[in-house]
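Novice: Next come the chains, spelled out residue by residue.
There are 2 protein chains.
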Amino acid sequence: MTNGKTKILEDMASTEFRKYGYELVDWIADYLDNIEDYSVLPKTEIGEIKNSLPDQPPKSGESFETILSDFDKKIMPGITHWNHPNFMAYFNSTSSGPGILADLLSAGLNINGMSWHTCPSATELEEVTLNWLAQMLGIPVKFWGIIYDTASMSSLHAVAAAREQAKELFINGEELSQSNYSQLRIYCSEQAHFSIDKCALTLGINKEGIRKIPVDKEFRMIPEKLSEAVKQDRKNGWLPFCVVATVGTTSTTSVDPVKEIATICKKEKIWLHVDAAYAGTAAIIPEMRWIFDGIENVDSIVVNPHKWMFTPIDLSAFYTSKPEMLKQAFSLSAEYLQSSSDEKVTNYMDYGIQLGRRFRSLKLWFIIKYFGVNGIRNRIREHIRLAKKFADWIDNNDDFERMAPVHFGVVCFRAVPKNISDDQSLRENELNKLNEKLLNKINSSDKLFLSHTVLNNKYTIRISISGIRTLEKNVKDAQLIIQNKLSEILT
Amino acid sequence: MTNGKTKILEDMASTEFRKYGYELVDWIADYLDNIEDYSVLPKTEIGEIKNSLPDQPPKSGESFETILSDFDKKIMPGITHWNHPNFMAYFNSTSSGPGILADLLSAGLNINGMSWHTCPSATELEEVTLNWLAQMLGIPVKFWGIIYDTASMSSLHAVAAAREQAKELFINGEELSQSNYSQLRIYCSEQAHFSIDKCALTLGINKEGIRKIPVDKEFRMIPEKLSEAVKQDRKNGWLPFCVVATVGTTSTTSVDPVKEIATICKKEKIWLHVDAAYAGTAAIIPEMRWIFDGIENVDSIVVNPHKWMFTPIDLSAFYTSKPEMLKQAFSLSAEYLQSSSDEKVTNYMDYGIQLGRRFRSLKLWFIIKYFGVNGIRNRIREHIRLAKKFADWIDNNDDFERMAPVHFGVVCFRAVPKNISDDQSLRENELNKLNEKLLNKINSSDKLFLSHTVLNNKYTIRISISGIRTLEKNVKDAQLIIQNKLSEILT
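Respectively, the protein sequence lines represent chains A and B. Numbered by my numbering, the letters in the first sequence go through residues 1 to 491 in order. Numbered by my numbering, the letters in the second sequence go through residues 1 to 491 in order.
Just chain A, with the same shape it has in the complex (with noise of 0.2 Å):
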């Protein structure tokens, strides 16, 4: 097996993997350790990392040692460190130890668990962690759980299952004469995600099929308004198919109440998604349990784990009570890939788009293990505290202003400082240009990284504290960083 013929064939020696797999080991342990003392956001120019690599694929190949330093002088310069403490920016993604072990024993395994022969073990897990995860966020179990890469595809599949159940609702009722989509109407608050647009583009739903529910003061979606578009809707013509309800919106973490939302899908026989994609990981405390009042008369639920779990990306989990209605939208086999243990077992493929599928429940399981309920509970608990407080110094700082309830780990501001203009409209314009040319400065800090949002035509800054390795000192720090860049843009 080792001639001089066949070992050119193979893979990297044993030796060799080992050597370099301690290396990069301890290149993470490293990296982790000493995260701070990188920059947040990397200061490279538009195109530099392109131009620093050859034009060419090496023909020959190259070191591993090679490869390795390559990536620290050519590829490290242009990283944004999503792993910083201070990376307090959209909804900040971070993974833990476990989770990046987990994900090197899937790439080492590198099953493919599309159907249960080509994994049991990679099925059978898949069940029993998506299982565990909704005890832990108190899913009932009637809902069957699968997981997608992303909260987009996790939405989209939805989205999919809700048009196949319109479809049976429709030939019964003998509504729809005929097999076009035009008529289909989706429903969501204006402040839900963009991917539910996408989503309902790529299902070729029309733009005009999609319609945004006004929100309440605090950017929930407003139940009688959904309430009435459903009623005049149908008058015009019309076809209500499904209700995208978000808790925890992309800009203020707003929740929209499932409730009597619910109430409303229930009468109207229209399908409800629970987009819960970054904030459904709170409900794992009890006392944020509210975020799913009414979860059991949903239709789908997606939760991230590679939001606020501390999973690697990606990994998004995904619960419908009507999983006939996924199968019925994508369970289309061959010949090439039947086996006799089908009729007998879940072959996940038959509920997605994906045929291929990595082993992604292997790090969820590793997580769950690893940190226990009460170690997750202790860390999503403590985001919510740190956010809290500083909501509380954003509340007691004249130079500041809160824009929305905080909820989770995510507050929204903006400064208001004394010296601004008393006319209204000049006021929110300077506003508004004060505040982007802050943001600007704050994220050439070096120190810090957060991003911005829009509320009601006011240029907004919202920080998001859901790292784990994100402490009480470095959201102390981003203070000081927030307060500091303010004074020197103000003398």
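Careful, some of the hints might be misleading.
As the list claims (entries may be wrong) - Mimicking DSS-like on lysine-lysine, the simulated pairs with C-alpha atoms at most 27 Å apart in a straight line are:
1) B:Lys19 to A:Lys19
2) B:Lys217 to B:Lys167
3) A:Lys344 to B:Lys43
Worth flagging that the hints you see were computed from the coordinates, not collected in a lab.
Since the structure of chain A is already known, use the hints to place chain B on it.
Specialist: Below, chain B without anything else, positioned relative to chain A:
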């Protein structure tokens, strides 16, 4: 930073990460060194893995030692060993050392390459590596690349871009009077992968909107039949908008005549997508470049490095000469994701459904650099040589017959022993039963995993030689097992 309070809220300590990181590196090295000691297919019963695991998640965290020991005891027994050199079923994906280590690094960094701003290196390395791969495959420079997770998703994006182009063409040509997709028709051969049907249904094309074109004796789409179908469909009010040609079909790895099909598509203004998910990699070898003859005239191509380029699952490379159509179909954004660099850079999130994007280009870069173009060429070339040798063995063996031409690493064959009925109808039925029995016996041997297909109603066994650990001796072993199992049945 290390007081009692914060300690329990942080990640695994780096000393622990190092210790268990080394241990897992060793575990993988040992596993791959001794992989032939494992049964390719596990002997687990349905539900056995699930039943061995607790019904409830652990309240308190467990030691990493317990996790690894549970993994060994409870998960390993249900693993199908995709990295085993005798896993010769489906298109067998295998992961190489440099690919595994790159995935470890990717999980450690945990960046999300949704836009340039969120990780410049991820965006620019994706551009560079896809450019390298295009050069290796002979894909012209006018093609623009993006990495998706799976071929199913690459093809979904292709068909969505085709639909977008159709909208424009039809609106300009005033052929499409209403905004529905019920008139759209997509074409592929009878031998195309079922993911094409899934894509079409997902996108809102009806089942009737998918037309299968007949194949010739070598399982290749017949261009004249396509041409006729398109003309006939136009007369009947259909709007032909997309053709999918396959380079390396799943059952037999037949190669559709891309050049002739492209000529038809150009003339008819139909988007041509080439599904070369498995076989595309072969174009890296100069003498196999013919498979992409005419590629300069197609609209999109998918090639999966995770299938035959030793890349851990998942990584699907997608190229299109019309990225503007893809962008038009998927470019929706929101205030909370905008940054000042947006106008000047590639934001990959604008070209697809998924917003979250793992750092996949890193493993492509590691693999191309480590093996070099020649190293990858040698390995692919050797697999093809071994497959042709296996085919010779079949051709020279009176007990078997070959069922399709061999171009790549796959050989289709069946047993045709002498003592089978001469009556043609009885004969085929007997042969089907015999070959199904033979495959079951082979797969129960623990030593070899093959899969099957059905060709012209004939049950056909498939052997796929494309694993990085598969050497000549493994193919010889396979021959021995196949022959012995047949003898066992016959005596």
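Novice: Evaluate each hint against the coordinates.
Specialist: Evaluated hints:
1. With a CA separation close to 14 Å, the supplied pair Lys19 of chain B and Lys19 of chain A stays within the 27 Å bound.
2. Restraint check for Lys217 of chain B and Lys167 of chain B: not satisfied, since their Cα atoms lie roughly 36 Å apart, outside the 27 Å limit.
3. For the hint linking Lys344 of chain A to Lys43 of chain B, the alpha-carbon distance of about 16 Å falls within 27 Å, and the restraint holds.
Figure legend: structure checked against the earlier numbered hints; the only hint not met is number 2.
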